[in-house]
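K.L.:
Make a model of the complete structure from these sequences and hints.
Protein chains in written order, with my numbering: chain A, 158 to 475; chain B, 158 to 475; chain C, 158 to 475; chain D, 158 to 475; chain E, 158 to 475; chain F, 158 to 475.
Source of the hints: derived by calculation from the structure; they are not laboratory data.
Take the hints with a grain of salt, since some may be wrong.
Note that identical chains are pooled: a pair holds if it fits in a single copy or bridges any two copies.
Derived DSS-like pairs (lysine-lysine); straight-line CA-CA distance at most 30 Å [what the hints assert, rightly or not]:
1. K474 x K401
2. K374 x K474
3. K207 x K401
4. K228 x K190
5. K182 x K244
6. K182 x K308
Number of protein chains: 6
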Amino acid sequence: MSLIKSFTEGQEITDFFLLKAADIKQTNANPPKEYFDVILADASGEISAKLWDVSSTDKETFFPMMLVKVKGVTQLYRDRLQFRINKMRKVTDEDGCSIKDFIKSAPIDAIDLVNTIKSVSSSIQDQDLRSIVEFCIAKVGDKLSHYPAAKGMHHAYYAGLAYHVVRMLELGEFICKQRPFLNHDLLKAGIILHDIAKTEELNAEMGVVTEYSLTGKLIGHISLSSNWITEAALHLGIGVNDEKTIFLQHLILSHHNLGEWGSPVQPQLPEAVALHYIDQLDAKLQAVEDALNSMNDSDEWSAPVRVIENKQVYRAKR
Amino acid sequence: MSLIKSFTEGQEITDFFLLKAADIKQTNANPPKEYFDVILADASGEISAKLWDVSSTDKETFFPMMLVKVKGVTQLYRDRLQFRINKMRKVTDEDGCSIKDFIKSAPIDAIDLVNTIKSVSSSIQDQDLRSIVEFCIAKVGDKLSHYPAAKGMHHAYYAGLAYHVVRMLELGEFICKQRPFLNHDLLKAGIILHDIAKTEELNAEMGVVTEYSLTGKLIGHISLSSNWITEAALHLGIGVNDEKTIFLQHLILSHHNLGEWGSPVQPQLPEAVALHYIDQLDAKLQAVEDALNSMNDSDEWSAPVRVIENKQVYRAKR
Amino acid sequence: MSLIKSFTEGQEITDFFLLKAADIKQTNANPPKEYFDVILADASGEISAKLWDVSSTDKETFFPMMLVKVKGVTQLYRDRLQFRINKMRKVTDEDGCSIKDFIKSAPIDAIDLVNTIKSVSSSIQDQDLRSIVEFCIAKVGDKLSHYPAAKGMHHAYYAGLAYHVVRMLELGEFICKQRPFLNHDLLKAGIILHDIAKTEELNAEMGVVTEYSLTGKLIGHISLSSNWITEAALHLGIGVNDEKTIFLQHLILSHHNLGEWGSPVQPQLPEAVALHYIDQLDAKLQAVEDALNSMNDSDEWSAPVRVIENKQVYRAKR
Amino acid sequence: MSLIKSFTEGQEITDFFLLKAADIKQTNANPPKEYFDVILADASGEISAKLWDVSSTDKETFFPMMLVKVKGVTQLYRDRLQFRINKMRKVTDEDGCSIKDFIKSAPIDAIDLVNTIKSVSSSIQDQDLRSIVEFCIAKVGDKLSHYPAAKGMHHAYYAGLAYHVVRMLELGEFICKQRPFLNHDLLKAGIILHDIAKTEELNAEMGVVTEYSLTGKLIGHISLSSNWITEAALHLGIGVNDEKTIFLQHLILSHHNLGEWGSPVQPQLPEAVALHYIDQLDAKLQAVEDALNSMNDSDEWSAPVRVIENKQVYRAKR
Amino acid sequence: MSLIKSFTEGQEITDFFLLKAADIKQTNANPPKEYFDVILADASGEISAKLWDVSSTDKETFFPMMLVKVKGVTQLYRDRLQFRINKMRKVTDEDGCSIKDFIKSAPIDAIDLVNTIKSVSSSIQDQDLRSIVEFCIAKVGDKLSHYPAAKGMHHAYYAGLAYHVVRMLELGEFICKQRPFLNHDLLKAGIILHDIAKTEELNAEMGVVTEYSLTGKLIGHISLSSNWITEAALHLGIGVNDEKTIFLQHLILSHHNLGEWGSPVQPQLPEAVALHYIDQLDAKLQAVEDALNSMNDSDEWSAPVRVIENKQVYRAKR
Amino acid sequence: MSLIKSFTEGQEITDFFLLKAADIKQTNANPPKEYFDVILADASGEISAKLWDVSSTDKETFFPMMLVKVKGVTQLYRDRLQFRINKMRKVTDEDGCSIKDFIKSAPIDAIDLVNTIKSVSSSIQDQDLRSIVEFCIAKVGDKLSHYPAAKGMHHAYYAGLAYHVVRMLELGEFICKQRPFLNHDLLKAGIILHDIAKTEELNAEMGVVTEYSLTGKLIGHISLSSNWITEAALHLGIGVNDEKTIFLQHLILSHHNLGEWGSPVQPQLPEAVALHYIDQLDAKLQAVEDALNSMNDSDEWSAPVRVIENKQVYRAKR
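P.N.:
The structure is reproduced here in C-alpha cells:
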C-alpha cells in the first residue's frame, strides 16, 4: 500500500483511496469537455487529481466521501504533485475497506478518549460542578467521540476535540500537582467544557468541518458553552448566580484571553489563567506535530502553520 | 441658590449640598492633625472641599451621601477651584431638602422613561420576542427607573440607562421608517435588552456606580444579558435554538461590534448593524452634551471626553 | 425579461444586457485562439461570460459600456455561474433600450435627490454657511446628479452620492430635533459638503468608478473639500479665519474620525461628532441593504460586506 | 555666572534668572500660608524653586517671563534638585540683562536663519513654486524668526522652526546631489512650507509654546499649510488644479507619512518620500542632541526623549 | 512575631524589620524639618513608614538594606496602611537576625534549585549542548543561586530565576513524555539558558533588582544569551554554524515569540514553540500565585497583575 | 538591441536574453502537452514567455541562469505583456555576451564600491572598532562585491548591498559634519556592519536572492551580525564587555528601530538613532528610484513599492 504522503513524481499507482471531493468541470477547449476535478485522500494526506474523460455514467456513480479504487500516475504541475487517474471504480464489499482507515484521526482510539473524559468528569468532587459537566457531556451525545476541535487551526480530524481535551486534562493534573493552590475540580470542569459547544458551532462529518452552523456564526462556541451552563444550572436547580456557576462560566468566557481573540472577559481567576495557557500549549504543540506529520519525506520545512503566525517549522535530521 | 458649576474664586457660600464623599485624613504636620477631605455636590456638578478642624463628634456625624448645610469660601488651589468649609451641619426635616434635587439625573422623569420602555415593549408584535423582553424587564425590577448606563463613559447619572434606551428607541423607530427592510420588532427588543444586565454588572446608588459586582467583573453585562435570554426562553417554553432566540442573543452579543470592545461575535444581521450604530450615535452625542453641561460658564473647552478619544469639545459662542 | 440575479444553471437566455467589460484574450491552445472575456450586466447584477469564436469584425464592433442583445446558456464553472454566449449583436434604435435601465441606481430619482439637497441648502439660515454650500454645489455641476459615493464600499451606483447625502440630511434633521443644542445650520452644511469632493477624487461614468484621479490620489477628497471651502470663502469675501469657515472645515476634515481612517484631525465640535456617526450609520446600513439586494434568490448569506469587517449578512426568512 | 544645568546640592547662589512661572500656592498648614511656586530658567535649563514667605507686595511685583535677581540655596527634594529662594528682586536697567540671554535658542542666529531661508526660496527656479513659497513667507511675517518648531517634541525653543528648516534644506541639497532624479525646486518648496502653519497652529512667545490655538486644534498645521497654498495660488493666479499646486500640497499633506501620525494621504511622489525622511532624520537627531545638552554634568542617561519612543539616551564618556 | 501582611489599623508593633529604603526628606513647614521616609519589609511584604524627628546621628546610622528593630504604630493614610516609627535602632549580633529571613524568596531552597539545574544539565546526552550549557552555568557563577527572574513582572525575589528554571524543567519533562517527537536535550538546554543573561542585564542584590545595567539596556538579555552561546562554542571548539549551536540560539532568540515582545525571530523549531509556551504558562501562573500570596487577609481582589493585562485576581473563599 | 522595458505589443524580437527561469509545464489539453514557462531578463527588466513545443532535447539543453538567443513576438495576455518564443538557442562564445550585461546592477561598479568601503574602514581612527570592521569584511570575502541588500524590498540586485553601504557612508559623513557631537568612527562602523550578515542570511547568485538560508531563518541577519562582532572581539582580544563592543552591537541590534520590525532593542545611543534614520532615508529613496527605473515608458504610475506602504509612485512629466 502506498501512502499519499510518500508519493514521488512519475509513480504508477493502483490503490484504494477516499474520494474527498469530486467536482465536474469543463476544459477551456471549444467546445469545452467535462472532466472530474478530484481530491484523493488517505490517512497520511491528500492529493489533487484529474479524470479527463467523464462519461454520463461516471457522473451518476462518483460522489464525495466515497471509497474508490483508482489506477493512474503522479505528475508534477506548477511545482506541486498531482495525480492523473486512468481508471476508477467504486469499492465493493469484497474489497474489505473501511472509511475509518482513510481519514485522519487522533492517535488514540475515540472510545478510550471518551472514557477518559467521562472518568475524569466523575472524579470531580464538587457535586454541582460535576452535575453541570455531566449534563453537558450528555447533551453533546456521540459527537464527543468524533468531532474535530476546529476547522483547520489545530486538531482538525476525527476525534480531535476529545483528544485535545484529554491531553489538556493530563496537563491540568500535572499543573495542579505543581501548584496546589489551584482548584482542580474547577480546572477539570473548565477543560472539559471549554470547547464543548464546538459541536454546535461547527457542522462536521468524519472529522472534517464542512461549515459553521447558523448558531455557530451568530453566537459562537464561547457564548454557546456559557448558555449551556445556564441551561444546566436551571435544569439541575443550581443557582445561576452561585459562585460555582459564575466561576465556570468565567473560565469558558475568558479562555481565549483577549477580546480580539473572542473572549468577552479576561481571566481573573487563577484557574482561568491556567486554562488559557494549558489550551495554548496543547493547541500550538499539536499544530506543530500535525504539520510535521503532514510533511512529505523529502521536505525540510513544513507548510505554514496558522496558529504560530503562519511560520513554517523546520524538521531537523535525527 | 448658588450652583457649584457657577462658583468663582473667593466667593462666600452658605447653602445645602450633598456630601458625596467624606474621608478623614491627616496633615503632614508633626503631630499630624485630622481633617475632612470632602466632595460637595449638587445637580450641576461637584467640588473638592476641606474641613480642617475635625472633632470626634464630627467623625460620628458626617457620612457620604448625606445632605448638609455648609458655610465657607471658594479658593484656587493648583489651578483648580476648591472649597474651604468653615461650618457644616446635617440637614433637618425643616430644611425641606430632597436628595433627588442634588444628584445628576436624566432630563426626563424616570417614571415617564420606564412607561415609554414598557409601552414600546408591549407594542412588539412577535409574541415570543415580546415575552422575552417583558421577562427581562420584570427581572430588573425598579432598578430600571434609576440605574445609570455606565460608570463614567456616558449617561452616568440617575435614570441614565432608561434615558439611553428611550432615545435609542426613538432613533430606531426613525431608522425603521427610512429602511423598511429592517425587522422593527427585533430591533426594539435588541435596544431594550442591549444594556439591561448593567443592572447586575454594576453596583449603583442614586445614579452613581460605586463598583463592578463580582458577576459584572467575571461575566460582564454582554454575556449576562445573553444568559438572561436563555433563562427567559427556558422559562417561557421558547426553544433556545429558535431563530428568534438566537437572533436576539446575536444582537446583544454583537452590539459592541469588535472583539477588542467586548463583543465575542460581530454583527451579521441587519438589525445588529443598526443596533450598534444607533447605540454609538446616542452614546457619543450624549457624552458630548453632558460634557458641555458640566462646563463652567467661563470655559471654552470641556473636560476631555473619554468616548471620543479623550478629546475636549469646543463650545461655540452663540 | 430575465434578471441576472435570478439566473440558474443551464438556463437558455435571449435578452438585452449592458456589455460592462469586453477583453480579447487567448486560449492556452497551440496555436492560441482569441475569445471575448466579457461581463454582462443589468440593474440586478452582473455575470462573467465568454464568446469563444471572435472574428476580426467582432473586435471592431463590441466595446465596453455598449448595450447588446445576446443568446446563450448559463453554466457552472468553479462553483460560480457564468454565461456562454452563442450569438451577440449591438442594440439598435428599434430595440428601444436605454442604458439607464441597465445600471444600478439609487432607489430615488436623481432629480428629486438634487432638488432635496438644493432645498435644504437654501434653508440654511446663516448666510455665510449657505453661500459656501451653494458655491460648492455650483462647482460640482451636474455630477451631483449621477456620481456614486464610493468605488465599492457603499452607495457605489448611479446617484449614490446624492442619495447618501439626502438620507443623512433626514437623519440630521431628526437628531437636531432630539438634541436642540446642536447647530442645525452647521450640520446641514457639513452633511452636504462632507463627500462633495469625491466628484473630483474619483473618475466615474454612469455610476461606476473607473479609477481615482491624480488629484484624488495625491490630495484625497477630505482635503479637497477643505480646499474648496477656502476657495469659496476667498471668493465670497468671507474670512478664512472666521469661526464659521473654520468650523465647517473642521467638520469635513474630521468626519472620518481617526487618523488611520483618513482624518487629519479628530471631532472636537458637537456637530462634528454628529456628522461622523450619522455618516457611519447611513453608510453601514446602506451597504447591508445593498448586499441583501444583490443576493441570489436561493442564498442565505450575502457576499462579504467590506464596511462591516468583511462579514457576511444573514437573510432571515420572513 | 552659574548655569542652572551645573547646579549641585547645597550650593549658595546669587544670580540673575528668568522667572518662567510664578504661581501663588498655599501650604497644607492650618491656617494655610501662601508661597510662590516658581520656575527659574536660564539658557542652560530650568529649576523648580520656592519662595516661602510671600507678602502682598510680592504678589503684585512678580509675574512670569520677568527677569529677577535671586539669592538662595539648592536642595535635594524627592531625588530632584530644587531651589529655596531667600531673596528676590526685579531686574533693573542697570543690571544690563537681556531676556534673550535667558531663553533657549537655536545655535545659529535667527536673522541668519531667516536670510538662508529667503535666499533658498529665491533660488527656486520654477516661478510658480517660488511665488507660492514667497507668498507664505510673507504671510508668516516675523514669526519666522522666533517661533519654535513644536510644543515639546523637538526644536522647542526660540527660532527652532527656522533652524529646523535650514538644517533640512542643507540635507535636501545633499540628497538632491546624490540622487539627481529628484526635483530640487519642489523639495525646497516642500521643506520651507512643511511646518510653516505651525505659526498659526501654536501660540508662542519667546520660543515657548503656551497652547494650541483654536484653529490649530480644529484644523491642524498640515491642513492649514495646504489651505495657505490654495490661498496663494488663487491670489497669484496659479491654477489650484495645476500639477505644481497639487504636488506641493501633496508634499505638505503627506509629510507625516501615516494616517495615525496625522497625514490624510501617504507619500506618492519621490520628493514627498524624501521630505518625510529628511524631516524624520533632522527632528530625531535634534531631539537627541537637545536631550544631551539638557543633561546635568553628572548624568549618564538623558531624560526620556519622546520622539524616540520615550527612550533615554546614553552619553558615552569621551 | 507580626507579619507586615497581617497588620491592621492602629496596631502597636515592636519588632525586627529590613530597612528596605531610607530617604531623608523635608516637610513643607517653614523652616522645613527633616524626616526619614522609610520602607520596612519582611518576607511577607512591605509597608511605608515615617520617622518624623531625625537627628544628625540618625542620618549617619541608618542605611538601606540594614536590619532594624522598631517600635511604632500603624495608621491609615489615604486609604493605605502606613507605619509611624517612634523608636528605631540597628540590630546587633545578640538579636540573632539574618537578612535572609526578611526578604522574599522562592519557596524552595536556593541550593536545592541550583543542584537540580546542574543535575538536569549533566543529564543532557548530546555532548556539545551539555558543554555549552555548563559553560554558561559556570559563567554565571553564584548569581544563579540568588538572582530574581525579573524586576517586577514575575519571580521578582531571591532565587526567583532558579525557581522559574526548575519549574519549567519539570514541565518540559512532562511535555516531552506526552510528545516524544520533541528533542528533550535541546529543550532542557533552552530552558536553562533562556533567561540566563538576566544575571548580566539586571543589577540585583538579595533578590531585588535595583536597575538595568548598561549592557542590559543596550543589548538585552535575549541577545546577551545568544552572545554567550557564540562565546561558548568558540571556546569549546564547537562550530558556530553547527545546527546544534544555531538551534540553541534560535530557541533563546525566539522565546519571547513576537517582535513587539523582544524576539528578533519567531519560533520555527518544535522545541522553540514548546519553550515559549512553557515559559508563558510558568510565568503567568507564578505571577498569579505571588499576587495571591501578597494579599492582605481581608482582601477579595489582588493588586493588578501586570503580566495578565493588569487584571486583578479574585480569591475565592474555600 | 531592444530593452525589455521598452517592449510594446505585437513586436517581433530577435535578441539575446538571460533565461532567468525555465519551468517545464503541461497544458490542460488531453493528453496534456509540455511547454516551457520561461522568464527572459535583461538589465532593464524581465518578461514572462512561453515556448510551446518542447522536445526532449530542449529539456536537456535549457536551464535557468543561462544566456540564450530567442526569436519571437510580444503579446498582450490578461493586460500584461508576455512573449511567445518561436526559436531559442544557447549562446556560444562567438556571440560575445557576458552575463553581467544581462542582470540588474548597482549604477556604480562593484570594485569601486568595495574599495570605497575598505577605504572608509581604514579611516576609522579607533583601533578596536577598525579591527572589528576589518575582521567582518574579511569574513564576508568576495560576497561583498556582488550581494544584493534584500530579497525584494530595496537594492535587490548585483552589488546592491555594497551600493547601499556606500551611499549611507556618504550621508553619514554629511550628518557628522552637520552635527559634530556624533562619534563618526562608531557611525562608520555601524553603517558598514549593519547589514553585513545578509551575506549569511540570504542565498544569492548574480544579485538575485533565491531563498533564505537555514541560519537566516532561525537567527536572522541582525543577530548574526551581533554574533560576528562577539566572534571578532574574542578573536582580536577585545573585551566583549568593552563599551566599544557593546556600542557597536547596540547599533546593529537596534537599527530596525522597533521590535515589530525585528530589533530586539531600541536605539539609545545618538549614533544608533542616526544609523536607523540614515538607513531609512537611503532604502526608501532607492526603492522609489528603482521603481521609477522599472516603469515602462508609457506608464504614469509605478508598480506598488513595498517599503512605502505598497503605494505606487507617480512619475511627473518633466
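K.L.:
If the cutoff is 30 Å on CA atoms, where do K374 and K474 land: within, between, both or neither? Let me know, please.
P.N.:
between (43 Å within a copy, 17 Å between copies)
K.L.:
Could you place K182 and K244 in one of the four classes (within, between, both, neither) given a Cα distance threshold of 30 Å?
P.N.:
Classified as both; 18 Å inside a copy, 23 Å across copies.
K.L.:
Please work out whether the CA atoms of K182 and K308 approach to 30 Å or closer within one copy, between two copies, in both situations, or in neither?
P.N.:
Within. Shortest intra-copy distance 26 Å satisfies the 30 Å Cα cut-off; inter-copy 33 Å does not.
K.L.:
Taking 30 Å as the upper bound on the Cα-Cα distance, should K474 and K401 be classified as within, between, both, or neither?
P.N.:
between (50 Å within a copy, 11 Å between copies)
K.L.:
At most 30 Å between CA atoms: does that hold for K228 and K190 within a copy, between copies, both, or neither?
P.N.:
both (21 Å within a copy, 21 Å between copies)
K.L.:
Given a CA cutoff of 30 Å, do K207 and K401 count as a within-copy pair, a between-copy pair, both, or neither?
P.N.:
neither (56 Å within a copy, 44 Å between copies)
Figure legend: structure checked against the earlier numbered hints; the only hint not met is number 3.
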